[in-house]
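J.: Produce the entire structure from the sequences given, and follow the hints as far as they go.
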Amino acid sequence: MLSLKRDKKEEEDGGGNPFNNLEKSTVLQEARTFNETPINPRKCGNILTKVLYIINQGESIGQTEATEAFFAMTKLFQSKDPILRRLVYLGIKEMSKIAQDVIIVTSSLMKDMTGKEDQFRGPAIRALCSVTDHSMLQSIERYMKQAIVDKVPAVSSAALVSALHLGKGSQEVIKRWVNEAQEAVNSDNVMVQFHALGLLYHIRKTDKLAVNKLVSKFSKQSLKSPYAYCLLIRIAAKLIEEEDAGSESPMFDFIESCLRHKSEMVIYEAAHAIVQLKNTTAKDLAPAVSVLQLFCSSPKPTLRFAAVRTLNKVAIKHPAAVTACNLDLENLITDVNRSIATLAITTLLKTGNESSVDRLMKQISTFMSEISDEFKIVVVQAIRSLCSKFPRKHNVLMTFLAQMLRDEGGFDYKKEIVDCIITTIEDNVEAKEAGLAHLCEFIEDCEHTVLATKILHLLGREGPRTPSPSKYIRFIYNRVILENAAVRAAAVSAIAKFGAHCDDLLNSCVVLLERCQLDTDDEVRDRATFYVNVLKQKQKALSSAYILNGLQVSVVGLERALHQYTLEPSEAPFDLKSVPLATQPIAEQKVRDVPGEVPSSKPTQDKVAASRQDVYQEQLAQVPELANLGALFKSSSPVEVTESETEYYVQCIKHTFNNYIVFQFDCTNTLNDQQLERVTVEMEPAEGFEVIKYIPCPLLTYNKPGTTYTLVRLPSEPTQDTSRKHLSDQVIICSSNLFTSLVTGTFACVLKFLVKDCDPQTGEPDEDGYDDEYVLEDVEVSVADHVQKVMKPNFAASWEEVGPENELEDTYALSNMSTLEEAITNIIQYIGLQPCERSDKVPEGKSAHTLYLAGVFRGGHDALVRAKLALDTSGVTMQLTVRSTDPHVSEVLATAVA
Amino acid sequence: MNFNLLRASIDTRRHVKTINMDGGLLEPSPYSIKAITILDNDGNRLLAKYYDETFPTAKEQKAFEKNLFNKTHRANAEIIMFEGLTCVYKSNVDLFFYVVGSSMENELILASVLHAFYDSISQILRKNVEKRALLDNLDAVFLAADELCDQGIILEADSNAIVQKVAIRNEDIPLGEQTMAQITAKYGQQVSAATDRVLQSAKDQIKWSLLK
Chain A
1 MLSLKRDKKE
11 EEDGGGNPFN
21 NLEKSTVLQE
31 ARTFNETPIN
41 PRKCGNILTK
51 VLYIINQGES
61 IGQTEATEAF
71 FAMTKLFQSK
81 DPILRRLVYL
91 GIKEMSKIAQ
101 DVIIVTSSLM
111 KDMTGKEDQF
121 RGPAIRALCS
131 VTDHSMLQSI
141 ERYMKQAIVD
151 KVPAVSSAAL
161 VSALHLGKGS
171 QEVIKRWVNE
181 AQEAVNSDNV
191 MVQFHALGLL
201 YHIRKTDKLA
211 VNKLVSKFSK
221 QSLKSPYAYC
231 LLIRIAAKLI
241 EEEDAGSESP
251 MFDFIESCLR
261 HKSEMVIYEA
271 AHAIVQLKNT
281 TAKDLAPAVS
291 VLQLFCSSPK
301 PTLRFAAVRT
311 LNKVAIKHPA
321 AVTACNLDLE
331 NLITDVNRSI
341 ATLAITTLLK
351 TGNESSVDRL
361 MKQISTFMSE
371 ISDEFKIVVV
381 QAIRSLCSKF
391 PRKHNVLMTF
401 LAQMLRDEGG
411 FDYKKEIVDC
421 IITTIEDNVE
431 AKEAGLAHLC
441 EFIEDCEHTV
451 LATKILHLLG
461 REGPRTPSPS
471 KYIRFIYNRV
481 ILENAAVRAA
491 AVSAIAKFGA
501 HCDDLLNSCV
511 VLLERCQLDT
521 DDEVRDRATF
531 YVNVLKQKQK
541 ALSSAYILNG
551 LQVSVVGLER
561 ALHQYTLEPS
571 EAPFDLKSVP
581 LATQPIAEQK
591 VRDVPGEVPS
601 SKPTQDKVAA
611 SRQDVYQEQL
621 AQVPELANLG
631 ALFKSSSPVE
641 VTESETEYYV
651 QCIKHTFNNY
661 IVFQFDCTNT
671 LNDQQLERVT
681 VEMEPAEGFE
691 VIKYIPCPLL
701 TYNKPGTTYT
711 LVRLPSEPTQ
721 DTSRKHLSDQ
731 VIICSSNLFT
741 SLVTGTFACV
751 LKFLVKDCDP
761 QTGEPDEDGY
771 DDEYVLEDVE
781 VSVADHVQKV
791 MKPNFAASWE
801 EVGPENELED
811 TYALSNMSTL
821 EEAITNIIQY
831 IGLQPCERSD
841 KVPEGKSAHT
851 LYLAGVFRGG
861 HDALVRAKLA
871 LDTSGVTMQL
881 TVRSTDPHVS
891 EVLATAVA
Chain B
1 MNFNLLRASI
11 DTRRHVKTIN
21 MDGGLLEPSP
31 YSIKAITILD
41 NDGNRLLAKY
51 YDETFPTAKE
61 QKAFEKNLFN
71 KTHRANAEII
81 MFEGLTCVYK
91 SNVDLFFYVV
101 GSSMENELIL
111 ASVLHAFYDS
121 ISQILRKNVE
131 KRALLDNLDA
141 VFLAADELCD
151 QGIILEADSN
161 AIVQKVAIRN
171 EDIPLGEQTM
181 AQITAKYGQQ
191 VSAATDRVLQ
201 SAKDQIKWSL
211 LK
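In order, the protein sequences belong to chains A and B.
So the first sequence is numbered by UniProt numbering: it starts at 1 and just counts up by one.
So the second sequence is numbered by UniProt numbering: it starts at 1 and just counts up by one.
It is possible that part of the hints are untrue.
Said to hold, decoys possible - To be clear about the criterion: a stretch of chain A counts as covered by chain B if any three or more of its residues have a C-beta under 8 Å from a C-beta of chain B, and this derived list gives those stretches:
{"hint": "1", "segment": "117-127"}
{"hint": "2", "segment": "233-241"}
{"hint": "3", "segment": "265-273"}
{"hint": "4", "segment": "478-485"}
To be verified - Quick partial rundown of chain A residues pointing at chain B, CB under 10 Å, derived from the structure:
{"hint": "5", "residue": "82"}
{"hint": "6", "residue": "162"}
{"hint": "7", "residue": "304"}
Hints listed in this document are in silico derivations from the structure and should not be mistaken for laboratory results.
Here a beta-carbon is modelled for each residue, glycine too, at the ideal position from N, C-alpha and C.
T.: Here is the structure:
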């Protein structure tokens, strides 16, 4: 009756929401009604609902206001009305984070929690735990334990769930509830079972053995709750992952058995887990794939979505495993749920053959505008992999990508498309012109500065080497007229590259650049002036060094070095060679981000690489004995010099300086009954090397890593010994082996230390110790330790820049290599230089290939290597040409492979 | 000089929100729900519960709801990947129910929670799942949401059990069981306020209700 009346009034008001336009202050004012006696449950319930509503709307309530309302609310405990009481619990939970002195309600809640009304007990426990802090936890512990094993499921669930929430803060108290949780897992109620399993795992999760037992126990006794099953599958999957096991693990059998469970939720969880595992073969996946295939034809959209999404993941690694589902996936490409349709198509694109590409692309373009950016990115990624799989299809795919570039979309989406086009251009020479044309069109109307600069940089690099470079200049110069300063500056750099590379365009480029000297922005003007002056010299070497190949230092390092220089002014000019070089990202990371690509795509890696070197530099500077060695040239990646499971675990990192090498040994003592003191690594140096100093690690306790350093002086530098430069070529060649041996060597290492036995429990060491030693594996110093990888985007220009002065050439027969790829991997490993212009990738079916390598030798000498490789029946033949700014560097590199 | 390099490294400091579509293995945990919400047909929030820090402020939450609503209110597709999250939803007349979880979460678990939520609300509102009815029973709806999920852990996924726990009062007695006096009193009020024609129709109504 009351509600009818209210309805009528609202209709007159026109608004349908009685809670609309509630004022926070008025509602809190109304909350004072709670203090009246006797309590009118109906009225108070109404007001409390309003309070909850405004909190739910995200109104922020101040501490004083909240505290006042909270105290008023506690008065409502006098009423026995069930709805009102339950609303009070909700109110307490909402206010517990803002109001003060909330523990005042503890006793009321404890009364409800242990009282006769089952309806109140569960919610009261949950409210109580939201106001309890850890100091109070002790006092309610007994009641919580009782509640966990209570007969009423709601009470038991409430206690278990609250325990999980409390467990986030203090694991200690919760740990003592493990027996109760164990008992609760056997409950008949499905939810109690799930919550108890959750708590049990939470308590035990740090103890791998206990978790193992937990899974094997519950995988045998069948649980009732599907949620508990899902949780158990996840725990099992995690164990498999941690042990790096495959399908032979008993855990895997359990997960596979879940594929035959009666609940769809559990079946899907199991299939999903199997698909996600790392060490699976196509055969292990088969049963999971076939249940997913069944789900594809389910009437429930969620189930279809889940199935096709998981199949999509399978297709990335095992496309063959999914081909069996192709027919089912075909049915889904017209699904009303666009997410499902997109996933189905992208999966088909991965599993299908070349002939189906056209049809699928046509289908997908019909609803591209309807799907969210996330899915568009999925489509682009699918196209990216297609481009590399079917290079001949680049025409269709490129057109499609260009179409997508024109459509609406966010930054992430556009960036993904641009990245995709760039990768395609780089991998596929035939696609280059079309791709560059699309990108040119895109920057004509591009709102993202980052993308525009990225594309301009790419045009500057690739454009000059196309058959008709002049046509790109117009697009680039348009940017100079129309865009913001950052883009203009990038455009100026791009134009300069055309001028430097193409002689016939030089004069026109200089004219354009001279116009840019009138720009309003400093940076643009500076760049233009700089380039105009360099170009007017008309010297190839200058153009190469200052325009085409740029600076090779690490940006972070340069910043640091300049800062240091300004802090300590000196007479000497700033030496650019003292700045650490930009290290190239390691090979694995290159798979997606092709190196030398426009910088904005890889600064994250740059940063990581630079900071790693910086960290070492800083660490070494902390050691007083090592502080004066100069700038760190290169740090190698860590090498293990012991087996990983021995008494002492030692890793070695080689830090190369101009005249010294520092061997850093990171040692870990894995024996808990020993304490090591004065730990050093004694090294037997190779000929010419001299151990200068050992810096011991004073104390090595159980499981706490420590570091000891060994400082070695390099043999008197062939590269810096000026007297030798007068020697004739003849002599150099005769003594070439000598030079190499002066650079490389093998060091025998022994770990020496003083052992003190100690009590494994307390860690108290005995007073007396004895000397002991432990033989480590040999440490090798190779040519690669003396060079730093540097990417030269335009190798040919650098080659000319260095010139033939110190050129050395030799021919080798690499008879033990059977493929060009193998030869290339080995050469890079021995010489340790950076492959340029993607010459480390051999186009398919070619029997001859040229590899370009670039880098800097210790001491700041540029080093370039060109290796012409040819494959014949007897193996690989290699003509190796080395150029360097120093004759001895050429020497060392030329013999590195031998 | 390579100025581009310098500029680029500065650009990346402006972090771009990354989207994770790859999934992966989930840390085994009973915390599976990130948010549940009910919106009206203008995308306004009627109820919203966020259980973790994905959207820390009310402003971000509401922006998320608005975008989610715009993506979902036309096509009744039941599930969507949105801003790196999996959202399952269901709508009726002028109400939209959403359950949100991580992109790696089992979609069927989320769907089971959504159904439990929708069915329990439907029972509470006696199959009359509309905004008006929902607001009239907002207290019970709050309680149902509380019984469904506690800070991200599914507390109860059986709609009957939820309704039983919420235990709404039984004062809205169906029309047939009300006494004559109550009915005449109820409609009498309307009579006094209405014109002749309305009076006539009201009388008809009384007649019909008596005939029942």
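J.: Count the residues of the segment 478-485 of chain A with a beta-carbon closer than 8 Å to any beta-carbon of chain B: does the count reach three?
T.: violated (count 0)
J.: Within the assertion that chain B covers the segment 233-241 of chain A, do at least three residues meet a Cβ-to-Cβ distance smaller than 8 Å?
T.: Holds, because 5 residues of the segment 233-241 of chain A bring their Cβ atoms closer than 8 Å to Cβ atoms of chain B.
J.: Does the closest beta carbon of chain B sit nearer than 10 Å to the beta carbon of residue 162 (chain A)?
T.: The hint holds - residue 162 (chain A) has a Cβ within 10 Å of chain B, the shortest such distance being about 8 Å.
J.: Have a go at the residue 304 (chain A) hint: is there a Cβ in chain B nearer than 10 Å to its own Cβ?
T.: 9 Å, holds
J.: Would the stated hint for residue 82 (chain A) survive a check requiring a Cβ distance to chain B of less than 10 Å?
T.: 6 Å, holds
J.: For the segment 117-127 of chain A, count the residues whose Cβ lies under 8 Å from any Cβ of chain B; is that count three or more?
T.: holds (count 4)
J.: Examine the segment 265-273 of chain A: at least three residues should have C-beta closer than 8 Å to a C-beta of chain B.
T.: holds (count 5)
When held up to the earlier numbered hints, the structure conflicts with hint 4 and nothing else.
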